[in-house]
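Start from the sequences and build out the full structure, keeping to the hints where you can.
Chain order of the listed sequences is A and B. In the working numbering, each number is its position in the first sequence, counted from 1, plus 41. In the working numbering, each number is its position in the second sequence, counted from 1, plus 140.
Everything labelled a hint here was simulated from the structure, so no lab data went into it. Hints are not guaranteed to be accurate.
[Unchecked claim] Simulated pairs of lysine to any residue, SDA-like, Cα-Cα distance not exceeding 20 Å: (1) B:Lys197 <-> A:Asp137; (2) B:Lys153 <-> B:Ile166; (3) A:Lys109 <-> B:Asn241; (4) B:Lys197 <-> A:Asn43; (5) B:Lys153 <-> B:Lys197; (6) A:Lys101 <-> A:Ser120; (7) B:Lys153 <-> B:Ala142; (8) A:Lys101 <-> A:Val123; (9) A:Lys109 <-> A:Ser99; (10) A:Lys93 <-> A:Ala68; (11) A:Lys109 <-> A:Ser124; (12) A:Lys97 <-> A:Glu117; (13) B:Lys197 <-> A:Tyr138; (14) A:Lys97 <-> B:Thr242; (15) B:Lys197 <-> A:Ser99; (16) A:Lys97 <-> B:Glu243; (17) A:Lys101 <-> B:Glu243; (18) A:Lys97 <-> B:Ser239; (19) B:Lys153 <-> B:Ser219; (20) A:Lys101 <-> B:Phe245; (21) A:Lys109 <-> B:Ser239; (22) B:Lys197 <-> A:Ala68; (23) B:Lys197 <-> A:Ser135; (24) A:Lys101 <-> A:Thr149; (25) A:Lys93 <-> A:Ser120; (26) A:Lys93 <-> B:Lys197; (27) A:Lys97 <-> B:Gly202; (28) A:Lys93 <-> A:Pro81; (29) A:Lys93 <-> B:Arg237; (30) A:Lys109 <-> A:Thr149; (31) A:Lys93 <-> B:Asn241; (32) A:Lys109 <-> B:Lys153; (33) A:Lys93 <-> B:Thr242; (34) B:Lys153 <-> B:Leu228; (35) B:Lys197 <-> A:Gly42; (36) A:Lys109 <-> A:Val150; (37) A:Lys93 <-> B:Leu240.
Since the model is a prediction, treat every value here as computed from it, not as a measurement.
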Amino acid sequence: GNSVTQMEGPVTLSEEAFLTINCTYTATGYPSLFWYVQYPGEGLQLLLKATKADDKGSNKGFEATYRKETTSFHLEKGSVQVSDSAVYFCALCSNDYKLSFGAGTTVTVRA
Amino acid sequence: KAGVTQTPRYLIKTRGQQVTLSCSPISGHRSVSWYQQTPGQGLQFLFEYFSETQRNKGNFPGRFSGRQFSNSRSEMNVSTLELGDSALYLCASSPGRISLNTEAFFGQGTRLTVV
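Rendered as structure tokens:
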């Protein structure tokens with residue numbers, strides 16, 4: 042079946058530090074890959090996505106590249122802000138019409 | 141354009157009771173999926189409705205059920221509540237069935253507490 046493994050954290054960083062959250066997946070076929078973000082007390086918001094190998098998704102300074110050879114989709118941001126404090130979820134969708142999520146990584150950015 | 145609306149935002153119920161949660165998808169979206177989020181199990185898929193029909197179901201007991209109306213609004217019902225049903229229930233809306241190129245939009249969720 043499909044599964045997603047991501048670095049669980051929690052991760053604590055200082056403002057302007059570099060953030061990376063590792064995500065690897067197992068899937069049948071060629072899935073689409075997503076990063077969702079959840080702010081305290083909120084639902085999930087799509088942060089970025091990639092639909093095929095070597096695609097790079099980017100949004101709000103975050104980037105992730107779909108690496109088929111390593112089955113990975115690591116999230117990176119070069120300079121985090123306090124407002125980036127949230128829980129980040131890696132997810133995939135294959136040919137089963139649903140999203141499979143990783144466990145989530147809690148990120149706290151200190152001023 | 142209004143987003144996905146889930147009501148109520150918070151619920152407290154007693155063990156053994158039943159509960160109904162509601163989800164109004166984005167206008168024009170025909171697919172609604174439900175997910176359960178707990179600290180221990182993370183985000184787990186409950187079921188998917190498209191064109192008023194359940195198309196996909198996760199690994200949950202029969203106490204969890206749902207339906208979709210002709211206007212695409214969806215409800216999920218949990219009967220004979222257990223303490224372990226305490227969770228954030230999230231609804232996702234998409235134009236068609238969630239697939240490789242179809243994005244899902246989530247509501248803010250309903251926080252259910254069973255006491």
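Pair hint A:Lys97 and A:Glu117, alpha-carbon separation not exceeding 20 Å: Roughly 11 Å separates the two Cα atoms, so the pair holds.
Straight-line alpha-carbon gap A:Lys109 to B:Lys153, limit 20 Å: With a Cα-Cα distance of about 45 Å, the restraint between A:Lys109 and B:Lys153 is violated, given a limit of 20 Å.
Restraint status (C-alpha distance of B:Lys197 to A:Gly42 at most 20 Å): Holds, at roughly 15 Å.
Pair hint B:Lys153 and B:Ile166, alpha-carbon separation not exceeding 20 Å: violated (28 Å)
A:Lys109 paired with B:Ser239 [C-alpha distance capped at 20 Å]: holds (18 Å)
Given hint A:Ser99 paired with B:Lys197 - CA-CA distance at most 20 Å: Since the Cα atoms of B:Lys197 and A:Ser99 sit roughly 32 Å apart, the hinted pair is violated (cutoff 20 Å).
Agreement of A:Lys97 and B:Thr242 with the hint, judged by alpha carbon distance not exceeding 20 Å: holds (17 Å)
A:Lys109 paired with A:Ser124 [C-alpha distance capped at 20 Å]: violated (31 Å)
Satisfaction of hint between B:Thr242 and A:Lys93, Cα-Cα up to 20 Å: holds (14 Å)
Holds or violated: A:Lys93 to A:Ala68, with C-alpha atoms at most 20 Å apart: Holds, at about 13 Å.
Pair hint A:Lys93 and B:Arg237, alpha-carbon separation not exceeding 20 Å: Satisfied, since the Cα-Cα distance of roughly 19 Å is no more than 20 Å.
Hinted pair A:Lys97 and B:Ser239, Cα distance within 20 Å: Measuring from Cα to Cα gives roughly 19 Å; hence the hint holds.
The structure shown violates the earlier hints numbered 2, 5, 7, 11, 15, 25, 26, 27, 28, 30, 32, 36.
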